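Since chain A is already given, all that's left is putting chain B on it; use the hints.
These protein sequence lines map, in sequence, to chains A and B.
Counting from 1, one number per residue, gives the positions in the first sequence under the working numbering.
Counting from 1, one number per residue, gives the positions in the second sequence under the working numbering.
Heads up, a few of these hints could be off.
Stated by the list, open to error - So the derived label-pair ranges between C-beta atoms look like this: (1) Q118/A <-> R81/B: 19 to 27 Å; (2) N324/B <-> F128/A: 17 to 25 Å; (3) G368/B <-> G30/A: 32 to 40 Å.
As the list claims (entries may be wrong) - A few chain A residues that face chain B, going by a derived Cβ cut-off under 7 Å, partial list only: (4) E94; (5) V101; (6) D115; (7) L117.
Stated by the list, open to error - Simulated crosslink set (DSSO-like; lysine-lysine; CA at most 30 Å straight-line): (8) K144/B <-> K35/A; (9) K121/B <-> K35/A; (10) K89/A <-> K149/B; (11) K187/B <-> K121/B; (12) K89/A <-> K121/B; (13) K35/A <-> K106/B; (14) K149/B <-> K187/B; (15) K106/B <-> K89/A; (16) K144/B <-> K89/A; (17) K129/A <-> K13/A; (18) K106/B <-> K149/B.
Just so you know, these hints were derived from the structure itself, not from any lab.
Model, not experiment: these values are computed from the prediction.
For every residue, glycine included, the Cβ atom is placed at its ideal position computed from N, Cα and C.
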Amino acid sequence: MESTSQLFANGLKYFSELVAIELRNMEAIGLAQQKMLEGMGVLAQRQAEMAEGTLRRSFGAHSPRAEGSLPSPASGVQAMVIGQITSLKTTMLESQANSNVLSELAARSGGEVADILQSRMIAALDEFKAALEQVIPQTSAPASASLTVQPAPQA
Amino acid sequence: MNDLPRWRVAGALLLAVTAWFGGAASAADPLGRFPADPQQVSVAGISSGAFMANQLHVAHSSGIMGAGIVAGGPFGCAVDRVTGEGVAALASLAVGPCMSVPSLLKPVAFYAQIATDLAAKGWIDPPGNLARSRVYLFAGKADKVVNPKAVELGASLYRTLGVPTSQITFRDQDLPGAGAGHSWVTKNFGNACDANASPFINDCDYDQAGDVLQSLYGRLEPPAVRPEGRIVAFDQAEFVPRAAAAANGLSATGYLYVPKACEAGATQPCRMAVVLHGCLQSAEILGPEFYTRIGVNEWADTNRITVLYPQAHATTVAELSAQNVLAPLNTNPNGCWNWWGYGSDNLYLTKRGVQIDAIWSMVRRVTGQGN
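Next comes chain A alone, as it looks inside the complex (with noise of 0.2 Å):
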């Protein structure tokens, strides 16, 4: 009688620990799904600047008033060429950079998601040991008592 209701408790307690368990990993979960948005908000945040920031040095660079004058006919097409390359240059180094934010915010972000994830899942493996391990010894011990201390038979 005493070691079923020891059993039930010992049961109860394990499932309880287990439902915590899963409230963690939850949680978790949720936290990783928090920094998910966070990183996808900033990441479209830095994209938009961006892409206004591209908008605007173009017309700055394209518009003769933004230069101040327009060149002048000595200079002519040679001016004009060095500058188009200058400024394709420009851009495609800005372009670069631009790309290599993005991949370092994406990264961080989900290294940070996957670094919650990670954590949580070993944290739950340790938790999940260690509940079987508080369950089991009390469940298996007079039963392992029972075959070493039980004299074996002399016929």
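Just chain B now, kept in the frame of chain A:
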């Protein structure tokens, strides 16, 4: 014949004893206290050392009287945004806008706001202190590593934060040929003036050490022909939490140059200059070249200046304390000073940053203000 084994044993013992004492002698001693005036502390550096000198200056503006910035950009250059726990900084911002694509740098107000926000949280001294500072900035016209426009923005930020223009020395011309490459510039040592290569010390017939120190301290005595002070190697690990120097990008050993007139027992306190090397310039890589050949010790000798040369360390993934998914983003492969938040240090540009805190603790030790 019988004596041979005995000789062997004696020889082995001698070797063991030599190795023991040799090892003990090469391990750096704790940093000592010297007669130095805490009101006369300046910082200077090149490249990542310039960014760090700038961070140290802004973070500890109440305790640092001036900064020499050689090829370094504005405070908070790699910061994406200020967060509740510090700042979110990106290596891609460091190598992009701050170094090679200056057209993507933000307006000066953005960086000023970072300083204001960090000061409001108490993580840096109030920027108002900077108004008393003197600043030297240098942009090499042939610099292909840190674009001169980033240095110009750094000067502009100092003006925005209240440093009077009369207290800012900006050098970017009057050097032979195409101008200086990415380097600490000397009168007669190093690569060709326009080189952008190791050891990043260039011979441009320009005494940058003298110009930096005189811009910060005023007119000085001419430099010694041959410095007669001594170099002291010291243990840097004691200044880092849990002595985890390597994980935080700090070398185990730092160096201090002590002129004869600044030894313990000197009647008058000396000035103190903190001089920071750039990436690929630490003693681990260059040996003693940076802390003996850039011309600073010569000026220090005749002008009573003790010079602290802290050393950065090239950190690998294996040395990081957190072996997680983000570890590869937290390394420092070139032994640079921390100006983009590596090592998961999101307070790296503040008084609570691991490297800033370590260097400042070294300063306090030497000047007798700390343990």
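So, going through the hints one by one against the coordinates:
The supplied range of 19 to 27 Å is met by Q118/A and R81/B, whose beta-carbon atoms lie about 25 Å from each other. The hint said 17 to 25 Å for the Cβ distance between N324/B and F128/A, and at roughly 21 Å that hint holds. Taking the beta carbon of each, G368/B and G30/A are about 52 Å apart, not inside 32 to 40 Å as hinted. For E94/A, the interface hint holds, the least distance from its beta-carbon to any beta-carbon of chain B being 6 Å, beneath 7 Å.
Interface hint at V101/A: satisfied, since its Cβ lies 5 Å from the closest Cβ of chain B, which is below the 7 Å cut-off. The criterion of a C-beta within 7 Å of any C-beta in chain B is met by D115/A, whose closest approach is roughly 5 Å, and the hint holds. Below 7 Å, beta-carbon pairs count as interface contacts, and L117/A has none with chain B, the closest being about 10 Å; its hint is therefore violated. Restraint check for K144/B and K35/A: the C-alpha separation of about 38 Å exceeds 30 Å, so the hint is violated.
This hinted pair checks out: K121/B and K35/A have alpha carbons roughly 24 Å apart, not beyond 30 Å. The straight-line distance between the Cα atoms of K89/A and K149/B is roughly 17 Å, inside the 30 Å bound, and the hint therefore holds. With a C-alpha separation of about 44 Å, the suggested pairing of K187/B with K121/B is violated against the 30 Å cut-off. At most 30 Å may separate the alpha-carbon atoms for a hinted pair to count; K89/A and K121/B exceed this at roughly 41 Å.
Distance check on the hinted pair: K35/A and K106/B sit about 26 Å apart at the alpha-carbon level, within 30 Å; holds. Pair hint K149/B plus K187/B holds up; C-alpha atoms about 25 Å apart against a cutoff of 30 Å. A distance of roughly 20 Å separates the Cα atoms of K106/B and K89/A; the hinted pair therefore holds under the 30 Å criterion. Proposed proximity of K144/B and K89/A is supported: the alpha carbons are some 15 Å apart, at most 30 Å.
Restraint check for K129/A and K13/A: satisfied, since their Cα atoms lie roughly 14 Å apart, inside the 30 Å limit. The suggested pairing of K106/B with K149/B holds, with an alpha-carbon distance near 12 Å, which does not exceed 30 Å.
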